[in-house]
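Letter by letter, the chains look like this.
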Amino acid sequence: MLDFPLFPESASTFAPKVDALYFFTLALTAFFTLLIFAAVLFMFVKYRRTEENQVGDPIHGSTLLEIIWSVIPFLIVMLLFFWGAQVFWVGVSIPEDAREYLVTGKQWMWKIQHPEGHREINTLHVPIGEKIKLTMTSEDVIHSFFIPAFRVKQDVLPGRYTQLWFEATKTGEYHLFCTEYCGAEHSQMIGTVTVMEKDEYQDWLAGGIVGSSPVASGEELFQQYACNTCHENSGDTLRGPSLKGIAGNAVTLADGASVNRDENYLRESIVRPSSKMVAGYQNLMPTYQGQITEEGLSHLVAYIKSLGSEADANENSGHGSSDHGESHDDEAADAESTESTEASAE
Amino acid sequence: MSQTTHGTTAEHEFPKEHYLNAAHGWKSWLLTTDHKRICILYLISVSVFFAIGGMYAGMIRLELVTPEGDLFQPDTYNRVFTMHAVMMIFFFLIPSIPATLGNFFIPLMIGAKDVAFPKLNLASWYMYLMGSSLALFALFKGGVDTGWTFYTPFSTTYSNSYVSTVAVGIFINGFSSIFTGVNFMATIHRMRAPGMTWFRLPLFIWAHYATSLIMVLGTPVLAITILLVGMERLFKFGFFDPALGGDPVLFQHLFWFYSHPAVYIMILPSMGVMSEIIATFTRKPIFGYHFVAFSSMGIAIIGFLVWGHHLFLSSQSVYASLVFSFLTMLVAVPSAVKVFNWGATLYRGSIAYTTPMFYALGFLGLFTIGGLTGVMLGTLGLDIHMHDTYFVVAHFHYIMVGGALFGYLGGLHFYWPKMFGRSARGFFPHLSALLIFVGFNLTFFPQFILGYLGMPRRYHVYPEEFQVLNVMSTAGATVLAIGYALPVFYMIWSLKRGEIAGPNPWGASGLEWQTQSPPILHNFESMPVVTEDPYTYHPPAQEGAGQPAAAHSAS
Ligand SMILES: [Cu+2]
Ligand SMILES: [Cu+2]
Numbered sequence: 001m002l003d004f005p006l007f008p009e010s011a012s013t014f015a016p017k018v019d020a021l022y023f024f025t026l027a028l029t030a031f032f033t034l035l036i037f038a039a040v041l042f043m044f045v046k047y048r049r050t051e052e053n054q055v056g057d058p059i060h061g062s063t064l065l066e067i068i069w070s071v072i073p074f075l076i077v078m079l080l081f082f083w084g085a086q087v088f089w090v091g092v093s094i095p096e097d098a099r100e101y102l103v104t105g106k107q108w109m110w111k112i113q114h115p116e117g118h119r120e121i122n123t124l125h126v127p128i129g130e131k132i133k134l135t136m137t138s139e140d141v142i143h144s145f146f147i148p149a150f151r152v153k154q155d156v157l158p159g160r161y162t163q164l165w166f167e168a169t170k171t172g173e174y175h176l177f178c179t180e181y182c183g184a185e186h187s188q189m190i191g192t193v194t195v196m197e198k199d200e201y202q203d204w205l206a207g208g209i210v211g212s213s214p215v216a217s218g219e220e221l222f223q224q225y226a227c228n229t230c231h232e233n234s235g236d237t238l239r240g241p242s243l244k245g246i247a248g249n250a251v252t253l254a255d256g257a258s259v260n261r262d263e264n265y266l267r268e269s270i271v272r273p274s275s276k277m278v279a280g281y282q283n284l285m286p287t288y289q290g291q292i293t294e295e296g297l298s299h300l301v302a303y304i305k306s307l308g309s310e311a312d313a314n315e316n317s318g319h320g321s322s323d324h325g326e327s328h329d330d331e332a333a334d335a336e337s338t339e340s341t342e343a344s345a346e
Numbered sequence: 001m002s003q004t005t006h007g008t009t010a011e012h013e014f015p016k017e018h019y020l021n022a023a024h025g026w027k028s029w030l031l032t033t034d035h036k037r038i039c040i041l042y043l044i045s046v047s048v049f050f051a052i053g054g055m056y057a058g059m060i061r062l063e064l065v066t067p068e069g070d071l072f073q074p075d076t077y078n079r080v081f082t083m084h085a086v087m088m089i090f091f092f093l094i095p096s097i098p099a100t101l102g103n104f105f106i107p108l109m110i111g112a113k114d115v116a117f118p119k120l121n122l123a124s125w126y127m128y129l130m131g132s133s134l135a136l137f138a139l140f141k142g143g144v145d146t147g148w149t150f151y152t153p154f155s156t157t158y159s160n161s162y163v164s165t166v167a168v169g170i171f172i173n174g175f176s177s178i179f180t181g182v183n184f185m186a187t188i189h190r191m192r193a194p195g196m197t198w199f200r201l202p203l204f205i206w207a208h209y210a211t212s213l214i215m216v217l218g219t220p221v222l223a224i225t226i227l228l229v230g231m232e233r234l235f236k237f238g239f240f241d242p243a244l245g246g247d248p249v250l251f252q253h254l255f256w257f258y259s260h261p262a263v264y265i266m267i268l269p270s271m272g273v274m275s276e277i278i279a280t281f282t283r284k285p286i287f288g289y290h291f292v293a294f295s296s297m298g299i300a301i302i303g304f305l306v307w308g309h310h311l312f313l314s315s316q317s318v319y320a321s322l323v324f325s326f327l328t329m330l331v332a333v334p335s336a337v338k339v340f341n342w343g344a345t346l347y348r349g350s351i352a353y354t355t356p357m358f359y360a361l362g363f364l365g366l367f368t369i370g371g372l373t374g375v376m377l378g379t380l381g382l383d384i385h386m387h388d389t390y391f392v393v394a395h396f397h398y399i400m401v402g403g404a405l406f407g408y409l410g411g412l413h414f415y416w417p418k419m420f421g422r423s424a425r426g427f428f429p430h431l432s433a434l435l436i437f438v439g440f441n442l443t444f445f446p447q448f449i450l451g452y453l454g455m456p457r458r459y460h461v462y463p464e465e466f467q468v469l470n471v472m473s474t475a476g477a478t479v480l481a482i483g484y485a486l487p488v489f490y491m492i493w494s495l496k497r498g499e500i501a502g503p504n505p506w507g508a509s510g511l512e513w514q515t516q517s518p519p520i521l522h523n524f525e526s527m528p529v530v531t532e533d534p535y536t537y538h539p540p541a542q543e544g545a546g547q548p549a550a551a552h553s554a555s
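Sequence lines, in order, name chains Z and A. Under my numbering, think of the first position of the first sequence as 1, with each following residue one higher. Under my numbering, think of the first position of the second sequence as 1, with each following residue one higher.
Because the hints were derived from the structure by calculation, they are not lab data. Each hint should be verified, as a subset may be incorrect.
Pulled a few chain A residues facing chain Z out of the computed Cβ check, cut under 8 Å [stated by the list, open to error]: (1) S45; (2) K113; (3) P248; (4) L313; (5) V339; (6) V461.
Because the structure is a prediction, the values reported are computed rather than measured. Backbone N, C-alpha and C define an ideal beta-carbon position, used for all residues, glycine too.
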């Protein structure tokens, strides 16, 4: 009964960074609390009232002391600020080369899809020693994805993507919690994260039932909704901008602003096309709000991302003056996306 | 100054005329404009809501004894913790000190007959009554399940509970805060007795001035936010729900723009009470008076700029998080300055062992822990792990119970003899303070550990390995409950049987102790004139010589 943990397991590369900060601030808290308590108790006894009419010494203060006990706490909290910011920076800098999983939260479950297409609900299997990034969204209310053993947490919102990354360092099973209150079964929106050796993970992947990968599902949807009547995926410009090589690129909007076409921009351009019009195009596209599922949207975004990024095509950025000014000369990068065979047939 | 009455047998007579018998009948209470009677009205009402909120707390702790959800349905549990917070925050903690002790003592301390707008003062109580009745009504109908934070789009689109009713209750109650704030500011500016300069004001007044500023500037934002939630719930406006084209994080910004400063509405008045108690029971001026006064204002102002520390993981930009973390760190400095100054005031004091002073002692320790754990949460890298876990729950209870409630209870014991003319002191008040201190720590300290282990807040069911710490917490809550229950008995008992206090039972300085206890309707027989700095205590040899103590250092 009295065998209970006081400290959580530490199983990611990020965890020791957070723990170091924790132990330091904990020591600081303990030191100041004890210092103040001891000083106060000591004076409480030493200067207790011994005679009824006794009064205290009329000491009014000391500017020097005020400066000392303002500057010292200031320096300490600044140290914490910079240290904390540095750790935070590591936490929010999502590595480009990480394996990307899609996570969809809904009342009250976590739906997870591996890059190869495997689907899981409330469980997450990951290989040890590999950078994993989760691209997450919610179908309804706000949730939050928390793995205590990895010291990582990120809110999961409806209508946009948020990301989280980790690299597990220890095999085993760990808690997955929802930490943003989300309704009746909030405390049941939990799961298990299983960290496996790399070869075990490969076996696990091989043994599972494979659906199509997010990119393939996205491509299917692209066909199904006939997106290609307006959007070329090869670099030509039809009524709408070509989707080739746009992910991660900046573009100039009709109102002159420039935006980075990240996952959130792509998603918004599907559900609310009129909200951020690319310069030089007419507002013709209907809204797909509510017509495509959250997972479908994630798949479409994954598909568009697979059509290349700024590495392949960086001519698309900027000059919004010409309506057909989108460049046509990135066919060179085409070879990479020819896995999308049917797409060009239509 | 008469400080010789302390602790001796009743040599005073209970005054024949005072505010309590200046008029009779229920109308004389319900239509009163006397700030002292309005204090009593508020005292009774906030006590009722404290009791209700406390009962809900008991239900939470009882459910969490076991890892399974065996006492309540999940939906019921969610309503229980929501109602606990709504009752405690909006209908107890926010009005607690300002509307009771502030109402009673601001005019007395500055030598005024009443507040600047006595009718507005009464209106504020009626607003409170209306708002809280609506919340009670919602409670009887089944309550709310959104958490006190009402996060969208859960609250606007998904919740099927009485969100609108409670929201309207909080909206109306907001006006009581605004009325009180406006009233206090006007009173402090315009009603000070001759000679009561700004730097002769007791620190209680400075703290309430800072609090009023927040009430007046912050509460309207809460009102607007609630209005937007209401419009979205009723007419599908689409401010917050992304399905309607809104932004759910916008709500969080608006909500915390009020609700973070609201934490200072709860804690600043308590800090004011602490200054009075510590000065009285050391018979010394507060060390660094100006620094303590200005730190209240500093907290109120910087406190408006830190709300984004609740949104580090909400998808807020990293740049915004950096700025908010930096500002959060800054606000820790004036709080630390206060603690150091109170501690330094004990040095070479004449320290009396009284119940209010024990509360002050407890406050210093608990507020220090609460403040430093707040700094931990404001540290960006740490907050990733700690956000929305029990660490946060423990932290804010150290601030709201260890800070705000200790100030309220300490202040109530301190000012009780002035308010009712009879003292409540001795063994039972000491015992109650001790039980509350011990029970509180036993309840909330384990929650820090639970939080770092990763137990999320608002969990009805939890993994087995968290059980031992949860049982400890519930055991502590039982002790705490006994500590809370005791004052009900001895305080009421003291109203009839307590020792007659006389004007100045503690031998304190300050205008409020120069008039009779309980005071007459107009507070003072004649307009008081202030000739000394606050907290001036004369050594016995000079007693009655009317000679000011050593000049105030130009700090
Ligand atoms: Cu949840
Ligand atoms: Cu806050």
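task = Would you check whether A/L313 satisfies its interface hint, that is, whether its CB is within less than 8 Å of any CB in chain Z?
result = A/L313 check passes; min Cβ-Cβ to chain Z is 5 Å, inside 8 Å.
key: Interface hint outcome for A/P248 [beta carbon to chain Z under 8 Å]   = holds (6 Å)
request  = Let me know if the C-beta of A/V461 comes in closer than 8 Å to any C-beta of chain Z, holds or violated.
outcome  = holds (5 Å)
inquiry  = Min Cβ distance, A/K113 to chain Z: is it shorter than 8 Å?
reply    = It is violated, given that the least Cβ distance between A/K113 and chain Z is near 31 Å, above 8 Å.
query = Quick one, is the A/V339 hint okay against chain Z at 8 Å, beta carbons?
reply = Holds: closest Cβ of chain Z sits about 6 Å from A/V339, inside 8 Å.
task = Hold the hint about A/S45 up to the distance rule: shortest CB distance to chain Z must be less than 8 Å.
result = violated (29 Å)
Violated hints, listed in ascending order, are 1, 2; each of the other numbered hints is respected by the structure.
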